[in-house]
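Participant: Read off the chains here:
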Amino acid sequence: MARFGTITLVGDAGEVSTLTTSLAEIASSNAALRAFLQGLPGVDRVGADQRAAMLSTRSIKTTAKAQAIDLAISMVDLTTLEGADTPGKVRAMCAKAVRPDPGDPSVPKAAAVCVYPDLVEQAVDALGRSGVRVASVATAFPSGRSSLGVKVEETRLAVAAGAGEIDMVIDRGAFLSGDYRKVYEEIVAIKAACAREAGTPGKGDAHLKVILETGELATYDNVRRASWLAMLAGADFIKTSTGKVSPAATLPVTLVMLEAVRDFRAQTGRVIGVKPAGGIRTTKDAIKYLVLVNETAGEDWLTPDLFRFGASSLLNDLLMQRQKMATGRYAGPDYFTLD
Amino acid sequence: MFEYAPAPESRDIVDIRPSYGLFINGEWVDSLGDEREKTINPATEEVLSEFAIASDADVDRAVSAARKAYESVWGRLPGRERAKYLFRIARLIQERARELAVLESLDNGKPIRESRDVDLPLVAAHFFYYAGWADKLGYAGFGRRTADGQSGADPRPLGVAAQVIPWNFPLLMLAWKIAPALACGNTVVLKPAETTPLTALAFAEICRQADLPPGVVNIVTGAGATGQALVGHPDVNKVAFTGSTEVGRMIARTVAGSGKKLTLELGGKAANIVFEDAALDQAVEGIVNGIFFNQGHVCCAGSRLLVQESIETELLDALKRRLATLRLGDPLDKNTDIGAINSAAQLAKITSLSEAGEQEGAERWSPSCPIPEKGFWFPPTLFTGVAQSHRIAREEIFGPVLSVLTFRTPAEAVEKANNSPFGLSAGVWTEKGSRILWMADKLRAGVVWANTFNRFDPTSPFGGYKESGYGREGGRHGLEAYLDV
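Protein sequence lines, in the order shown, are assigned to chains A and B. With my numbering applied, the first sequence covers 1 to 339. With my numbering applied, the second sequence covers 1 to 485.
Don't read these hints as lab results, they were simulated from the structure. Errors might be hidden in some of the hints.
[To be verified] With a straight-line cut-off of 20 angstroms between C-alpha atoms, the simulated SDA-like cross-links for lysine to any residue are:
no.: 1; chain 1: A; residue 1: 61; chain 2: B; residue 2: 84
no.: 2; chain 1: A; residue 1: 61; chain 2: B; residue 2: 7
no.: 3; chain 1: B; residue 1: 432; chain 2: A; residue 2: 108
no.: 4; chain 1: A; residue 1: 61; chain 2: B; residue 2: 116
no.: 5; chain 1: A; residue 1: 61; chain 2: B; residue 2: 432
no.: 6; chain 1: B; residue 1: 432; chain 2: A; residue 2: 39
no.: 7; chain 1: B; residue 1: 334; chain 2: A; residue 2: 67
no.: 8; chain 1: B; residue 1: 432; chain 2: A; residue 2: 45
no.: 9; chain 1: B; residue 1: 334; chain 2: A; residue 2: 323
no.: 10; chain 1: B; residue 1: 334; chain 2: A; residue 2: 267
no.: 11; chain 1: A; residue 1: 61; chain 2: B; residue 2: 334
no.: 12; chain 1: A; residue 1: 284; chain 2: B; residue 2: 334
no.: 13; chain 1: B; residue 1: 320; chain 2: A; residue 2: 295
no.: 14; chain 1: B; residue 1: 320; chain 2: A; residue 2: 299
no.: 15; chain 1: B; residue 1: 334; chain 2: A; residue 2: 40
no.: 16; chain 1: B; residue 1: 84; chain 2: B; residue 2: 223
no.: 17; chain 1: A; residue 1: 61; chain 2: B; residue 2: 390
no.: 18; chain 1: B; residue 1: 320; chain 2: A; residue 2: 300
no.: 19; chain 1: B; residue 1: 320; chain 2: A; residue 2: 266
no.: 20; chain 1: B; residue 1: 334; chain 2: A; residue 2: 59
no.: 21; chain 1: B; residue 1: 334; chain 2: A; residue 2: 285
no.: 22; chain 1: B; residue 1: 432; chain 2: A; residue 2: 267
no.: 23; chain 1: B; residue 1: 334; chain 2: A; residue 2: 53
no.: 24; chain 1: B; residue 1: 432; chain 2: A; residue 2: 221
no.: 25; chain 1: A; residue 1: 324; chain 2: B; residue 2: 7
no.: 26; chain 1: B; residue 1: 334; chain 2: A; residue 2: 63
no.: 27; chain 1: B; residue 1: 320; chain 2: A; residue 2: 265
no.: 28; chain 1: B; residue 1: 320; chain 2: A; residue 2: 221
no.: 29; chain 1: B; residue 1: 432; chain 2: A; residue 2: 38
no.: 30; chain 1: A; residue 1: 284; chain 2: B; residue 2: 7
no.: 31; chain 1: B; residue 1: 334; chain 2: A; residue 2: 38
no.: 32; chain 1: B; residue 1: 334; chain 2: A; residue 2: 39
no.: 33; chain 1: B; residue 1: 334; chain 2: B; residue 2: 84
no.: 34; chain 1: B; residue 1: 320; chain 2: A; residue 2: 267
[Claimed, not checked] Computed, partial: chain B to chain A, Cβ under 10 angstroms:
no.: 35; residue: 232
no.: 36; residue: 234
no.: 37; residue: 235
no.: 38; residue: 321
no.: 39; residue: 451
Where is the CB? At the ideal position from N, CA and C, for every residue including glycine.
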């Protein structure tokens, strides 16, 4: 892989130290970072759109569909991010995440619930030992327009309250003005704030999901650069959108991000997750994403550890289709709980 | 593990008769000869139907019917009236698209995804496009205005067109031939390929459904001898052929000196040129689409990959990774990417040229992919270390086989790309716009695709340089072949 001359290809664990030094070199100055990110191969919009459109013609039926539905349910980050959120609303959503269909215990649990930082405590409390994780947005979500100090403090609060995952936003203003180094440093700082202090609820450091807000980055070239920037800075997941900006997640944008995590693993050995969020409402949509994962990054990514859906209304559609697969009939929407 | 369950398109929608006659003068008639042939599903070797091999006398009947229809009806009909028929045919094709797609995949072996998403939409689009020209021929740039700027007569049709089409895109090639011919006021006798006659015979039914006057479209089935009789018939005014360069040469000899107007669309050995600054992931898709689309049975297939040496390893790694995801199998399965090779004869040709590639020292690679037991199949294949002198770099394989060569500079890329007796198409992959223009200017190929490959549109003229043939099909330029200009 001659193109990324500064990174040593990591074939085995022994070379990881070389890798960290060269990764640090890439980020050593804004000029070096710029040179690296702008040296990534371009993305042809027409071609990427066509590839995504072609993959969405895959026909997933019968056993494959049943498998895909259960997988998708287990990948949902059940989300509520409204000014009107209350402890009651969060508790109800947590119950839904643990037991999506009260009438059918074979339905898998959702992967996580995603809430604002001040409601993390309620979510942690409601979920207990269910195994459903608590994700919190942080860093002046959704715009990210605040000081680094405020963002770090907000992250610490969420982690201290027990959040196992932090969904941060990048500074799109800095990214678009070419100040990649600022974006990088912010991610590094938030990553550090994800470390869990002894004595707080939760286990281990919080995972960091970095929201690129691709709707504001506009070009696929930018999406690829921002993906690499986030991965270099230590993201555990890269996420498309806040859900507050249109367009939110799209298939081609997710395709570009999946290519990025695939290439990043080939070059560094590190495996990064992907989370499309916003606008994914139907089973049909979710299955298109799973096909995209399967045929782009590969089936290694078909696990809730490495692929998530940021969604709220998607879950009920998945449940409805699941029941249809089992019984051959659709039940009315009143048979699925609205939490 | 995410295994896609089988998702076969139902074949119940098609109604294949056990036996077909010839479509002459708006009627199904028996052949005057007694030769018959079977057409099979190349994916299963199951016999689909039986059809007549038209004799010289049959061809003569068909040409007479076309002549009569030309003299008495079609040649006199105003353009706006001809357009109505063409629009009607286009709509009928759209209405019956699923049926025709299934039929095409059964008879040809191509994946249903391609017949459904590429062939049929293009077939309908071609008829719609030329329907629009039928009443505007005076404005196409062929003949209404005289040299001194005075308004002259509208350009005239030629008369009877003899059209011989190949098996790789049976219905699409029919559309490329029949739509402009009828729009310009000609009548036609068309011979489909002997391995894929079924969609042309279904099209005959569509002509009846559209109430097209008898004799305007005649379909005669058969093999080489029928084609020879058709293009050699003295009462034919125009010959249009798509197929191999070898047969194209024979036709050119037959037609020479007869005054018949001739267009030939023949073989190709297109260079798909990838520069180091290309959008890599999309270039990989373009390479795959260039050579593995329709099992490589594409005259303009990007069968020679010219990759800049500085990214050879990187690109080949990415390409191999991508090829491993191609799904080969049942053409009617909606998730199939690579279908069956059209015939045993074609499979033998691909096999023998691939063996020649190995013997000449190129390195062969295919992803591991299970091959069905029955039917004709060939795995997607890549040859690296290919030199310009190898047969696999010079001869048209017409199968899913890609020869990879390298270059160092843009000038060398042009030199290698043009160093072929063919000149049908080429592809250029770079993020640099000025280089695209420079390359397009230098490449001696009828079509140059930039950052895409194998994209077709009825508005765009298509045709070759050198031994890839002459004349253009499609677009405004495609009208010229069917007008007396």
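Participant: State for each hint whether it applies.
Facilitator: Evaluation of the provided hints:
{"no.": "1", "hint": "61(A) x 84(B)", "result": "violated, 41 angstroms"}
{"no.": "2", "hint": "61(A) x 7(B)", "result": "holds, 7 angstroms"}
{"no.": "3", "hint": "432(B) x 108(A)", "result": "violated, 49 angstroms"}
{"no.": "4", "hint": "61(A) x 116(B)", "result": "holds, 19 angstroms"}
{"no.": "5", "hint": "61(A) x 432(B)", "result": "violated, 43 angstroms"}
{"no.": "6", "hint": "432(B) x 39(A)", "result": "holds, 14 angstroms"}
{"no.": "7", "hint": "334(B) x 67(A)", "result": "holds, 19 angstroms"}
{"no.": "8", "hint": "432(B) x 45(A)", "result": "holds, 14 angstroms"}
{"no.": "9", "hint": "334(B) x 323(A)", "result": "violated, 25 angstroms"}
{"no.": "10", "hint": "334(B) x 267(A)", "result": "violated, 35 angstroms"}
{"no.": "11", "hint": "61(A) x 334(B)", "result": "holds, 11 angstroms"}
{"no.": "12", "hint": "284(A) x 334(B)", "result": "holds, 16 angstroms"}
{"no.": "13", "hint": "320(B) x 295(A)", "result": "holds, 13 angstroms"}
{"no.": "14", "hint": "320(B) x 299(A)", "result": "holds, 17 angstroms"}
{"no.": "15", "hint": "334(B) x 40(A)", "result": "violated, 35 angstroms"}
{"no.": "16", "hint": "84(B) x 223(B)", "result": "violated, 33 angstroms"}
{"no.": "17", "hint": "61(A) x 390(B)", "result": "violated, 45 angstroms"}
{"no.": "18", "hint": "320(B) x 300(A)", "result": "holds, 18 angstroms"}
{"no.": "19", "hint": "320(B) x 266(A)", "result": "holds, 14 angstroms"}
{"no.": "20", "hint": "334(B) x 59(A)", "result": "holds, 6 angstroms"}
{"no.": "21", "hint": "334(B) x 285(A)", "result": "holds, 18 angstroms"}
{"no.": "22", "hint": "432(B) x 267(A)", "result": "violated, 26 angstroms"}
{"no.": "23", "hint": "334(B) x 53(A)", "result": "holds, 14 angstroms"}
{"no.": "24", "hint": "432(B) x 221(A)", "result": "holds, 15 angstroms"}
{"no.": "25", "hint": "324(A) x 7(B)", "result": "holds, 18 angstroms"}
{"no.": "26", "hint": "334(B) x 63(A)", "result": "holds, 16 angstroms"}
{"no.": "27", "hint": "320(B) x 265(A)", "result": "holds, 17 angstroms"}
{"no.": "28", "hint": "320(B) x 221(A)", "result": "violated, 24 angstroms"}
{"no.": "29", "hint": "432(B) x 38(A)", "result": "holds, 14 angstroms"}
{"no.": "30", "hint": "284(A) x 7(B)", "result": "holds, 15 angstroms"}
{"no.": "31", "hint": "334(B) x 38(A)", "result": "violated, 39 angstroms"}
{"no.": "32", "hint": "334(B) x 39(A)", "result": "violated, 38 angstroms"}
{"no.": "33", "hint": "334(B) x 84(B)", "result": "violated, 34 angstroms"}
{"no.": "34", "hint": "320(B) x 267(A)", "result": "holds, 17 angstroms"}
{"no.": "35", "hint": "232", "result": "violated, 44 angstroms"}
{"no.": "36", "hint": "234", "result": "violated, 48 angstroms"}
{"no.": "37", "hint": "235", "result": "violated, 46 angstroms"}
{"no.": "38", "hint": "321", "result": "holds, 9 angstroms"}
{"no.": "39", "hint": "451", "result": "holds, 5 angstroms"}
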